[in-house]
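J.: Just so you know, the sequences run in chain order A and B. At position 54 of the first sequence (counting the first as 1) the number is 54 in the working numbering, and the numbers step up by one without a gap. Offset between the second sequence (1-based) and the working numbering: plus 1000.
Read the hints as simulated data drawn from the structure, not as lab findings. As the structure is a prediction and not an experimental result, all values here were calculated from the model. Glycine included, C-beta positions come from ideal geometry on N, C-alpha and C. Among these hints, one or two may not hold up.
To be verified - Pair by pair, the computed Cβ-Cβ distance ranges are:
id, chain 1, residue 1, chain 2, residue 2, range
1, A, Ala-77, B, Arg-1184, 28 to 38 Å
2, B, Ala-1277, A, Ala-34, 42 to 52 Å
3, A, Ala-34, B, Leu-1064, 44 to 54 Å
4, B, Arg-1011, A, Pro-405, 52 to 62 Å
5, B, Ser-1098, A, Lys-47, 41 to 51 Å
6, B, Ala-1346, A, Ser-142, 48 to 58 Å
7, B, Gly-1217, A, Ala-77, 53 to 63 Å
8, A, Ala-30, B, Thr-1239, 45 to 55 Å
9, A, Glu-41, B, Gly-1217, 47 to 57 Å
10, A, Arg-412, B, Gly-1056, 47 to 57 Å
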Amino acid sequence: MRAIAIVAVCVAAAAGCSRQGPSRPAGLTAADAAFQKQLQEQFLDAKPGSVIEIPPGKHALDRVLTLRANGVTVRGAGADKSILTFTNEISGPEGILVYGSDFTIENLSIEDTKGDGLKINDGENITIRGVRVAWSGGPKTSNGAYGIYPVRSRNVLIEDSSSWGASDAGIYVGQSTDVIVRRCHAEQNVAGIEIENTIHADVYDNLATGNTGGILVFNMPNLSQPGHSTRVFRNKVFKNNLGSFAAKGAAVASVPAGSGVVVNSNSQVEIFDNDIADNQTANVIISAYFSTNYYNKPGIDPHYDPYPRAIFIYDNRFSGGGDSPDALELKTLKVTMFGLNGHFPDIVWDGYRDEKNLVNGQPPAAERICIRNGAVGVLNADGPHQYKNPSTDATPFRCELPKLPAVELAGRT
Amino acid sequence: MHFFPDGRPQRLSEWHVVFRDGDRLALNRGVVPFDLNSALFSDYAHKLRTVWMPPGTAARYSDLQTFDFPVGTVISKTFYYPHAGAAASAVARTYDQSRDFTGSGLNLGNVRLIETRLLVRREHGWVALPYVWNAEQTDAELARTGDEVALELVASDGARERFTYVVPNENQCAGCHVTNLKTRAIAPIGPKARHLNRDYPYPEGAQNQLTYLEKIGYLTGLPPPPVQLPRSAAWRDATQPLEARARAYLEINCGHCHNPSGPADTTGLTFDAGTPADRHLGLCKPPVAAGRGTGDHLYDIVPGHPDDSILPFRMASREPGVMMPEQGRGTVHREGLELISEWIAAMPGSCSS
Chain A
1 MRAIAIVAVC
11 VAAAAGCSRQ
21 GPSRPAGLTA
31 ADAAFQKQLQ
41 EQFLDAKPGS
51 VIEIPPGKHA
61 LDRVLTLRAN
71 GVTVRGAGAD
81 KSILTFTNEI
91 SGPEGILVYG
101 SDFTIENLSI
111 EDTKGDGLKI
121 NDGENITIRG
131 VRVAWSGGPK
141 TSNGAYGIYP
151 VRSRNVLIED
161 SSSWGASDAG
171 IYVGQSTDVI
181 VRRCHAEQNV
191 AGIEIENTIH
201 ADVYDNLATG
211 NTGGILVFNM
221 PNLSQPGHST
231 RVFRNKVFKN
241 NLGSFAAKGA
251 AVASVPAGSG
261 VVVNSNSQVE
271 IFDNDIADNQ
281 TANVIISAYF
291 STNYYNKPGI
301 DPHYDPYPRA
311 IFIYDNRFSG
321 GGDSPDALEL
331 KTLKVTMFGL
341 NGHFPDIVWD
351 GYRDEKNLVN
361 GQPPAAERIC
371 IRNGAVGVLN
381 ADGPHQYKNP
391 STDATPFRCE
401 LPKLPAVELA
411 GRT
Chain B
1001 MHFFPDGRPQ
1011 RLSEWHVVFR
1021 DGDRLALNRG
1031 VVPFDLNSAL
1041 FSDYAHKLRT
1051 VWMPPGTAAR
1061 YSDLQTFDFP
1071 VGTVISKTFY
1081 YPHAGAAASA
1091 VARTYDQSRD
1101 FTGSGLNLGN
1111 VRLIETRLLV
1121 RREHGWVALP
1131 YVWNAEQTDA
1141 ELARTGDEVA
1151 LELVASDGAR
1161 ERFTYVVPNE
1171 NQCAGCHVTN
1181 LKTRAIAPIG
1191 PKARHLNRDY
1201 PYPEGAQNQL
1211 TYLEKIGYLT
1221 GLPPPPVQLP
1231 RSAAWRDATQ
1241 PLEARARAYL
1251 EINCGHCHNP
1261 SGPADTTGLT
1271 FDAGTPADRH
1281 LGLCKPPVAA
1291 GRGTGDHLYD
1301 IVPGHPDDSI
1311 LPFRMASREP
1321 GVMMPEQGRG
1331 TVHREGLELI
1341 SEWIAAMPGS
1351 CSS
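For reference, chain B alone in the conformation it holds in the complex (with noise of 0.2 Å):
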């Protein structure tokens, strides 16, 4: 590993976090990969996370915000896709991950890798580098202004739906991850708590994360059983009740701009883990600054009915200017959609009251 206290590699392999090696895309010594509960939609990329920090140093524990993070972590997110024929363009339209690794690297005669980006803990605080990947899959270059892939996802049934898949420039990365407008402080998201606290298969075994990375000293002040950690739910897990899905859905899919200080704070809608289930979650409030976003709906959320309510609405879209969220997507995420639809269909009460 080499951590840039300043300035901008040109190339990812210069960090020497993931880097190509034979076959497969390898990760560094102590660099430890990691998976969320509930993950944001990027036009079904699949997604490697990692994260390494200094020898010597750890995150802090936190019950609820992104843990602290030493300087000197970096963290990184790999998006791929399996490949869908011989042409490079086609990618697969699926969840299913089993054939992307090789022990704890990424199978590359399976898999097209799109883009990494990484997350620089500095001395003066979070840096967010997005780095394309090159035709030979060799290495990837670094994309301030971000850059646009042509690509072509196919589902297991055949069907066939073109896209471009964005790259985002540095000040979009920003988009996200500011997510309180006072600081206007990069962050990471997806290492909390409640988004963490889940089995990981590591080479030595599944283990949960949270314990794994206060074994190997990555971790401190993590609260000693019997203390219940936070949980957010798995939002594909039918098993789980409906509405912690759909939460944790919308958490980590909106709440990074809708939340009282994030970008959003101009809207009274909130959709982070606090957010009450009133109107601050939408129900039966009118929008603020929606537009055509509307789709000529009156409400946010109609209880039971998802055909009336703008949020579902915005999610069916693909055209900028109506969907949600504004960035980071190119195509319709059929089954958050569904969830939030039968989330909605299932809520008790009316508006017109």
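If we strip away everything but chain A, and leave its shape as in the complex, we get (with noise of 0.2 Å):
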């Protein structure tokens, strides 16, 4: 203790001290600091089998927790009572950071990281329920990338989480493999929840709202694996007219204001049973890497596959929505076809496709961009013409395609 004094002095007088030694964070109370050094040790110390239980109360961390242990369950006490705080983190950038499989994380919230609240890498059987991740200031450009973000991951599931202020995406599954996403919260995130270049993801009851895109699915270039077979069902996805505040050049930049359900360059993604409703620019869209402005060829791997295909929206329930599109071209194109008080159909896709892969005039019956859905109307934008030739005919999209099977996690219902 006697040292912890002498260098809380030293912190205090800065230039002027002569003394050095162990020394307690600045920015932590020494209750704080004590109760950070502690649970550093159990970040070490853990082994398979090891419980880490966070107790009730706000803790202030400075510096990111890191686990590089298989087996380990990480607990605490509630969303609403274990809190870990890293408003005046110095070394991170994220919250809690894993580098193990057969990893739980439970009950508790994250507030305030700098980078990623919570990130998974490389993981096998990964549980993340009950975690809250929050950036407590609302929606900022200096808020931590993304919320809840397992990459590179196999049969992982998220339930019961939640996630606001992310300024890229509030839950963001990357590169992986066999994924559910269930009964989660998004809100204030530019993306509420992102699927992006990951294998069979199930994305279920969760709610996406007040975001600037409510539910993602992505295929981005020069990563480990190209993503597919996503299924987004049973979902509310409501009001994401948030402003973006993405940095530009971030994945998510793209994505206009008021976006219900996008796909981007994805393909074999359903989109059924959902309430879509209120989303200013569309319920859905469906485009092509090209619609992002990121384009270019030296910097893309050229076996990258820039379309979206297989795309199958049937059965889901719209309302509202298309009446005030973000980006200027969109504004025009929902001016000049609808008129100033029009508003778009429920469906937008942005026209590009593979030319050098049709039949009569169509892409091959399984790739096809299929709509099953009442009376629902679709635009296509002729993004690949500047939206000079727009079209709402529908008939085109009048297929189906065979559905995808659910995701079965290993070990877990």
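Quick one: dock chain against chain with the hints and give me the complex.
T.: Here it is, written out as structure tokens:
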């Protein structure tokens, strides 16, 4: 304790101080510093079977908690009770960073990290349950990028969790395989829930509202695997009209405010049985990588497939939306086609398709965009020709695709 | 020397690797200092690196990989600064090491010791142990959970910059030293042929480090002359080609994460020595998970345009969540940033095709 006291004076006196030694972090109280040290030791010593309990209370930390063991559980007393807050983080930038398999984290909050809230890299059998990640100052470009971020992982379950204020995506599953995201809540993020370069994902019973874009299914170039086979169903995707606060160049910065469900360059995506309403650019957007403004020849893997293929939209309940699109071209297009007080149809396709791969002027049957959703309207925006010949003809979309199987997570139901 | 096959000794002195001896930090017998052609930036700290191996054992040479060290190897890295005035927190921002040494040890009249990190090769693999020097500079104590030291860098023109020097915790050591996410094994980064292939001013005179290590029995399998051994550039040496200097800098500062099997394999961006100079190195490559780290720029590197490129933007930041590397620094490396900017400015081509 004596050393701690001496250094507290050192930090305050800064340049005039002539002592050194083990010190207390400048931004933390003595109690928080002691808590952090003890928690760091638990993360260092964790081994298969370890359960790290986060006691109730708001605990200020200034350094990322990193885990490098398999078979560990981190458990709080509830997302509203056990809160880890990183306002003064000096080294991270994540809140919790996990390199491990058979990992469970549940019932706690992570707040105000400089980078991602919870990142799990290269894990297998991951359960994230009842975790809340939030930036307490609301939507800000200076918030961390992702709330809950499993990447290059397999067999991932995210349930009953929430993200608030992420400057990129709230719940972001990247380059993973066999994933379920269910009963989660995403609000005030740029992207609410984003499934990216992921194979076999089921996204259901979630609420995405008040984001720039609600639920995104994307494929980015230059990564370890292209994604496919995502089902988005039984979600509520309401009023995702928040002005984008992503930094330019960030993957989601291309998403216009007012986007409900967006599919970009992904394939075998099913969107069904959702309630999608009042998203002011469009309730559903289907697009190719060319619409993101990031395409350039030298920077993109030539094997990358920029087109959305085999997209099946059926039995959703739509209302409102499409009445005030973001981005000038879309605004102009809306007014030209539907008038000042009109609105886009519920489904907007940017019009990019693989022209080298057409059968009778249509993509092969297995690769089409199919809509079976009553009288719902669709717009082909004709992006490839600068929106010159847009069309609301729904005939090309009258088709069906074989339905995808449910995602089964080994060892979980 | 005392090799501990397990456990974590509380004090650095228990290892008898480097220790306080009068007014200097001395090296024990058999503890051999070494240097790298290009080194990781650590807030302008100077570094004294040493290696020791049990008598009769030697590391096995590799052309490309870190040498294969025998069980019992202890590698140390002592981070220190030249004093810049009476206050212990005032340290010099300088590359000048001419006053650091007395014989093969450090002159404690002139420098302040911050921490000594050990990498210890045990039966089951490498272990990283961070030790923090006490105020009296008599010994360093184990700091498994890291530490923070308030310092002020003082430049030769008198410019001052306060920052918090962060001693990594054991997991953060692994943040750099686990260069392969599949094995998740800790390994040394520096002791590779291309980094070590240079002269060192040993007490008995300057010699090439690789041939010296072979001569004293610490290295086997070194290809005999006239085989040309790999050599990476010294990034500060302006007589060497700009391209080679920049690539050497990026490899040693970024390549431990940004390699095809490293923790940054999620990004599609690689800086290890073998990366082709195309999108893999960031040319015209859109970022993947940079978030606000883009600084509003579209591509990692825009040839000819450092000010439009993400890479120098992240190097110029000291804010967690924006800055790269993510850990290990609390200040901006001005000279490194200058080098990378100059390299990008000199690149031909464009991203508009």
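J.: Does each hint hold? Answer for all of them.
T.: Each hint, compared with the structure:
1. A:Ala-77 / B:Arg-1184: 28 to 38 Å: 31 Å, holds
2. B:Ala-1277 / A:Ala-34: 42 to 52 Å: Given range 42 to 52 Å: holds, Cβ gap about 49 Å.
3. A:Ala-34 / B:Leu-1064: 44 to 54 Å: For Leu-1064 (chain B) against Ala-34 (chain A), whose Cβ atoms are near 45 Å apart, the range 44 to 54 Å holds.
4. B:Arg-1011 / A:Pro-405: 52 to 62 Å: 60 Å, holds
5. B:Ser-1098 / A:Lys-47: 41 to 51 Å: Holds, at about 48 Å.
6. B:Ala-1346 / A:Ser-142: 48 to 58 Å: 33 Å Cβ-Cβ, so the 48 to 58 Å window is violated.
7. B:Gly-1217 / A:Ala-77: 53 to 63 Å: Holds: the Cβ-Cβ distance is about 58 Å, inside 53 to 63 Å.
8. A:Ala-30 / B:Thr-1239: 45 to 55 Å: About 53 Å separates the Cβ atoms of Ala-30 (chain A) and Thr-1239 (chain B), which means 45 to 55 Å holds.
9. A:Glu-41 / B:Gly-1217: 47 to 57 Å: Since the Cβ atoms of Glu-41 (chain A) and Gly-1217 (chain B) sit about 39 Å apart, the hinted range of 47 to 57 Å is violated.
10. A:Arg-412 / B:Gly-1056: 47 to 57 Å: With Cβ atoms ~53 Å apart, the hint holds.
In summary, the numbered hints that this structure violates are 6, 9.
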